[in-house]
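J.: Chain by chain, the residues run as shown.
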Amino acid sequence: MTQEDLTITDPKMKAHGVNVFYGEKQAIKDVSIDVGTDLVTAFIGPSGCGKSTFLRSLNRMNDTVASARVTGQIELDGEDIYAPSMDVVQLRARVGMVFQKPNPFPKSIYDNVGYGPRIHGLAPSKAELDLVVERALVRAGLWDEVKDRLGESGTALSGGQQQRLCIARAIAVDPEVILMDEPCSALDPIATAKIEELIHELRGKYAIVIVTHNMQQAARVSQRTAFFHLGTLVEYGKTTDIFTNPKQERTKDYITGRYG
Amino acid sequence: MALTNDHTVKAFDEDINRLRGLISEMGGRAEQALLQAMTALNKGDLDLAAQVVRDDKKIDALEAEVEQLTVQTIALRAPMADDLREMIAALKIVSVVERIGDYAKNIAKRVALMDQTRSIEAIPVLMSMSNIVVELVHDALDSFAARDAELAVRVTVRDKNVDDFYNSIFRTLVTFMMENPKYISESAHLLFVAKNLERMGDHATNIAEMVYYVVTGERMEERERGETPEESAAAEKEQG
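These protein sequences, in sequence, are chains A and B. Residue numbering for the first sequence follows this note's numbering, starting at 1 and increasing by one per position. Residue numbering for the second sequence follows this note's numbering, starting at 1 and increasing by one per position.
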């Protein structure tokens, strides 16, 4: 692969020589990758390959695991996110995350979205908060479905709606990066298509990284794909190249279903 | 590589193997059609010619079967990378092989239309030309079966010989026609035969280009063809 083709102009996040350990076990080995705002990046690979671990190191989610240790350099807008001066709460607002299973708070739809902006002081008045909540729900493609019942519990929504609510919640604090860890694995095909359409809509507004087991999904939503195997980044390239003409034998074996 | 490396889902391998078998059978039938058509032309064998025309239906049927299986496999298995390239190549290759069969049928149909007393010398040259074309078609399909990109490149290089034959036969037949109007009808038929053979050579090249794409994931470039020893040797010969 030619380096020029893959250069991300103005990368939002840069990871260089990243290693992640869980106790003695090394889960990620010397991974370097850039993530940009204009392109959706997909991480693919078999279970246990480290893709989720690496994703979680991008907003220091691994801090919550006692035995986890991260070395190497990860920068957000040129700033080392593991520097002692970094405010982790602030970091996670800037680098939002959407999980595999929708996890709305057991609160109203309105509060689910409004909670973040309120504690981060993004909306001092009720009117401003109303506006932030509406804008986030519109962007997440959920507004028309919930605008008349914002007071209802978020957990009363369907699975797909809950996931879009979680995306609205992430968007509400005006993040720069959104990390998605298998966001559709618990959803039916229609709800999945809506999330994929949403990812397409959000591209360019936020840097988006998605971990997915569904290779068709990676092919559909991303412009760049990174294949992880046994904790290493085996191949990174344009999604069209990875799925039509991968350079590495291991990538080919995995995406064609010859792995293992 | 891919040939020895099985998919986790065995039924996928079975589909692919069946596809390869069908393409191989179709290619074999097209080669045979060409050989028989040329033999029928050479010997004025009308029965053999009629058989070539009849057998072409089997080639058409095989094309339809491959198309159906390919579409089905793409829909059900969502092939990726070299598997995907193979599906696309399979579709293109069978349409080319079907054309080769049609050209053979066209040659066979001419046998009955021509005066059976051969008065022109061009026939032995046409036979030599057709032998090269049969080899090219055979090697092109072999390169597909063996995933052999080098063999595919050599096929495209050797197609030049077929073109040279065609140009030479064209000149010869035009000369015949000018010398004696009595030969015009027969010469015109033989000219079409030569043109059919020349087109078949081009189709063998098309197959070879698809094989190259399947194996390497790249399009065959002009310079790729120029790099083969045959061509550089041929170039040297011309200069010397």
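Calculated from the structure, these hints are not laboratory results. None of these values were measured; they are calculated from a predicted model. For glycine and all other residues, C-beta sits at the position ideal for the given N, C-alpha and C. Hints may be right or wrong, so weigh each one.
Label-pair restraints from in silico Cβ distances [unchecked claim]: (1) L131(A) <-> L91(B): 40 to 46 angstroms; (2) G48(A) <-> E14(B): 26 to 32 angstroms; (3) K58(B) <-> G159(A): 50 to 56 angstroms; (4) L76(B) <-> G159(A): 25 to 31 angstroms; (5) E249(A) <-> K195(B): 30 to 36 angstroms; (6) E14(B) <-> D87(A): 45 to 51 angstroms; (7) N214(A) <-> M127(B): 56 to 62 angstroms; (8) L76(B) <-> L6(A): 50 to 56 angstroms; (9) G159(A) <-> K57(B): 32 to 38 angstroms; (10) A186(A) <-> L76(B): 20 to 26 angstroms.
J.: Each of the hints needs a verdict: does it hold here or not?
T.: Evaluation of the provided hints:
no., hint, in the structure
1, L131(A) <-> L91(B): 40 to 46 angstroms, "violated, 54 angstroms"
2, G48(A) <-> E14(B): 26 to 32 angstroms, "holds, 30 angstroms"
3, K58(B) <-> G159(A): 50 to 56 angstroms, "holds, 53 angstroms"
4, L76(B) <-> G159(A): 25 to 31 angstroms, "holds, 27 angstroms"
5, E249(A) <-> K195(B): 30 to 36 angstroms, "violated, 45 angstroms"
6, E14(B) <-> D87(A): 45 to 51 angstroms, "violated, 57 angstroms"
7, N214(A) <-> M127(B): 56 to 62 angstroms, "holds, 57 angstroms"
8, L76(B) <-> L6(A): 50 to 56 angstroms, "violated, 33 angstroms"
9, G159(A) <-> K57(B): 32 to 38 angstroms, "violated, 54 angstroms"
10, A186(A) <-> L76(B): 20 to 26 angstroms, "holds, 24 angstroms"
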